[in-house]
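J.: Chains as they are written, first to last, in my numbering: chain A, 126 to 454; chain B, 60 to 603.
One thing to keep in mind: the hints can contain errors.
In the SDA-like style, the derived pairs of lysine to any residue whose C-alpha atoms are separated by at most 25 Å in a straight line are [said to hold, decoys possible]:
| no. | chain 1 | residue 1 | chain 2 | residue 2 |
| --- | --- | --- | --- | --- |
| 1 | A | K400 | B | K401 |
| 2 | A | K231 | B | H306 |
| 3 | B | K166 | A | K400 |
| 4 | B | K401 | A | K231 |
| 5 | A | K236 | B | H306 |
| 6 | A | K231 | B | G298 |
Covered by chain B, per the in silico footprint, the following chain A stretches (three or more residues, Cβ under 8 Å) [stated by the list, open to error]:
| no. | segment |
| --- | --- |
| 7 | 142 to 154 |
| 8 | 350 to 364 |
Think of the hints as simulated: they come from the structure by calculation, not from any bench. Glycine included, C-beta positions come from ideal geometry on N, C-alpha and C.
Listed here are the chains, written in short residue letters.
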Amino acid sequence: MFDNFPLWPVRASTNAGNVDALYIFLVALSAFMCLAIFTMILVFATKYRRRRGIEAEQIEGSSALEITWSIIPLGIFMVIFLWGAVIYFHERTPPRGAAEVYVVGKQWMWKLQHEEGPREINELHVPVGRDVKLIMTSQDVIHSFYVPAFRIKQDVLPGRYTTAWFRATRPGVYHLFCSQYCGTMHSGMIGQVVVMEPAQYQAWLSGGGTTGSLAASGESLFQQLGCPTCHRSDTQGRGPILTGIFDKPVQLEDGRTVIADENYIRESILSPSAKIVSGFKPIMPVFQGLVGEEQLSALVAYIKSLSPTPSGAAGKTSLTPGGTRSQNP
Amino acid sequence: MATAAISAERENYLNQEYGIRSWLLTTDHKRIALLYLASITFFFFIGGFFALLIRLELLTPAGDLVQADTYNKLFSMHGQVMIFFFLIPSIPAVLGNFLVPLMIGAKDLAFPRINLLSWYLYIIAGTIYLHCIVTGGVDTGWTFYTPFSTAFSNTKVIEAGVSIFIVGFSSILTGLNFVVTIHRMRAPGMTWSRLPLFIWAHYATSIIQLLGTPVLAITLLLVVFERAFNLGIFDPTRGGDPLLFQHLFWFYSHPAVYIMILPAMAVESEVVACFARKRIFGYNFVAMSSIAIAVFGFLVWAHHMFVAGISLYSALVFSILSYLVAVPSAIKVFNWTATMYKGSISFTTPMLYAFGFIGLFTMGGLTGLFLAALGIDVHVHDTYFVIAHFHYIMVGGAVMGYLGGLHFWWPKISGRMYPEGWGRLAALLVFAGFNLTFFPQFILGYMGMPRRYWQYPPEFQVLNVLSTAGSTILAIGYVLPMVYFLWSMRYGKIASDNPWGAAGLEWKTSSPPPTFNFDEEPEVTWEAYNYEQISAPAEVNVER
């Protein structure tokens with residue numbers, strides 16, 4: 126309906142329609158409220174304009190009216206709140222089995238790594254109809270990953286991962302903006318998201334001449350850094366076994382339990398003593414400053430690939446969402 | 060003509076003493092109000108000049124008028140000047156300073172010397188900030204987000220931070236003075252339920268200033284310390300948390316919006332009552348909604364952070380609380396509208412500003428509902444939609460209120476009438492120019508244009524051109540009042556004590572008032588807005 130209306134942004138994701146629906150509702154509601162209030166003011170201003178010999182009628186107020194015009198707006202506000210919350214909940218919950226793309230923001234460019242292997246700068250190629258989860262971090266200041274055509278935005282912070290997801294519905298080339306002010310060339314930190322038909326996307330993938338999946342480069346880095354010395358696949362290692370840990374609860378030495386998500390893995394590589402796994406000693410060296418953000422992404426992707434679930438599997442190109450996850454306590 | 064009886068030689072606060080010393084060492088709240096008026100007008104035009112340069116740069120998609128770094132400094136300093144050196148002091152420190160003692164029948168504020176100190180703090184802070192501007196400026200945005208401000212910006216962050224730290228104390232002292240004055244200095248018979256709504260709103264404002272501003276001061280101090288001494292408070296590479304900064308910053312800076320808008324609502328209540336010649340509809344509800352706004356306003360700060368990386372559940376909590384704070388604002392709009400019902404309405408310049416205020420504040424408030432809706436905020440956060448929204452509140456609301464109030468009380472302040480025809484023309488220009496400047500930005504924002512962009516994709520150009528065109532009209536609308544106010548100080552018609560036939564103690568003393576406000580202490584035996592007992596002036600609209 127709005128595709129040819131130049132004052133409306135393109136709708137290119139499953140989420141965009143949901144956001145637009147609430148937006149249209151709010152525009153209609155606001156237009157109605159403005160019209161009602163402005164008409165009343167105009168009518169009063171005309172009808173009760175000052176005339177010689179006619180005094181104003183003093184009216185104290187009306188509690189019934191006050192309560193009416195407090196409760197009715199409150200009720201409408203609660204509907205808007207719930208509607209907005211449902212959309213947000215959907216936006217913030219990536220579906221199981223989404224393809225993962227690691228994003229690193231830096232002054233002033235976007236670096237993107239697909240789990241299949243290709244790396245891109247300021248460009249993201251994705252196929253129509255696939256759920257794509259973005260795992261993002263920044264190398265310096267706060268940035269924000271914003272694709273208006275998908276109606277998604279998420280700040281990208283240094284020192285931690287934030288996530289966002291989308292499923293593109295329309296082939297095309299769309300703006301990728303940095304929307305959090307990040308210094309001199311903030312307005313130059315823009316790129317594009319290229320949405321392709323699946324077949325074209327496969328052709329693009331195979332044409333890249335890449336050197337294996339992200340998890341595979343993570344694995345070789347894992348070897349290079351000497352990690353397997355302690356993190357062995359049997360119980361003899363001085364470090365915990367990494368197979369199958371992703372997204373599972375981990376018992377810590379201080380009694381707490383945490384979920385081994387991307388942020389936990391990241392922290393455990395950079396400053397291992399922050400959270401010590403129960404039964405182990407704080408002997409792992411600190412890797413803060415030794416591995417860059419992109420290497421870190423590869424390591425995280427590799428460790429996730431050790432967990433036999435669809436979500437973290439390297440090189441997975443399944444187009445179906447909601448893959449079966451074995452167990453999540 | 061009632062004014063003929065007034066002798067021009069009558070002693071008042073303006074002619075009692077002359078000379079620069081009598082101004083710089085004054086403890087008279089009315090003179091301090093004028094000192095503030097001159098200082099904030101100066102900063103308003105600096106901030107406005109930055110805004111015009113921003114709009115001129117955005118006339119074309121390419122960054123061509125100024126360098127990228129210069130542009131970043133322009134919007135940063137536009138925001139900091141306008142918020143900390145104009146909007147926050149605007150109504151409280153000028154109109155509030157002048158009117159709070161007059162309206163409650165007091166001789167002065169409770170602490171006249173602290174009042175003068177607050178102006179000196181403002182001037183010290185302003186001087187530091189001017190030094191910061193001319194020696195290179197600052198490019199952090201008005202929000203000082205970390206770690207950009209503490210570890211990456213190469214500009215004068217420390218100087219700007221120290222300056223805003225100091226100006227915060229000027230605001231705290233004004234708030235402190237008002238709270239004590241309103242509690243302790245009311246004239247006999249001036250009970251809480253007889254207070255003008257102007258006083259209620261200023262009371263609520265002062266509480267926010269007292270409780271909120273220290274948090275800003277602490278936050279800026281931490282930024283300065285992290286930057287100067289390499290502490291790791293907000294910078295993650297030094298073990299800090301950048302989101303902590305945002306929580307602290309918005310804990311003050313969201314309530315600060317209410318420091319700007321509540322006083323404008325204060326003016327609105329007085330002006331609408333006077334020119335509809337009626338008691339404000341639902342006095343108690345309007346008074347209590349000011350207090351409710353001040354209280355709830357402290358509980359919504361993280362709605363600035365829905366995409367910043369806070370947890371899903373805290374986002375839900377802050378979204379629902381943001382809707383709660385919208386209710387008292389809606390109550391006020393409905394009550395002002397209802398006040399006009401069966402009134403006797405005249406269309407003076409202050410009333411035109413009041414109409415404009417209701418219109419623009421309503422639109423600003425309604426678009427706030429969009430931003431509090433989580434799903435929509437994700438799309439429009441940090442875009443021009445937000446820029447348009449808060450300018451509708453802070454310029455459409457607060458500045459319209461300020462200008463309306465300045466016209467309403469100008470006869471009392473200066474003893475002269477401003478030229479009514481010019482006043483109305485300026486009010487219309489401001490309203491038209493404002494809408495042309497900022498309405499297109501709502502559309503730009505939903506289209507996806509991010510804020511703080513020096514260059515932008517070409518499809519956004521048409522709307523940006525409209526916006527820039529509007530800003531030139533707005534500029535004319537703002538310069539006009541300055542010209543005719545200055546003109547009227549010498550050539551304006553002599554004002555009578557109560558040219559509008561308004562209720563309120565400030566109109567029962569002479570124009571301009573004597574130094575100690577009232578010849579004898581007034582005793583209040585009537586309710587606020589007793590318009591049934593005051594006859595409307597035969598000729599309200601005083602043409603030149």
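J.: Go through the numbered hints given earlier and state which of them the structure violates, listing their numbers in rising order.
T.: 1, 3, 4, 5, 8
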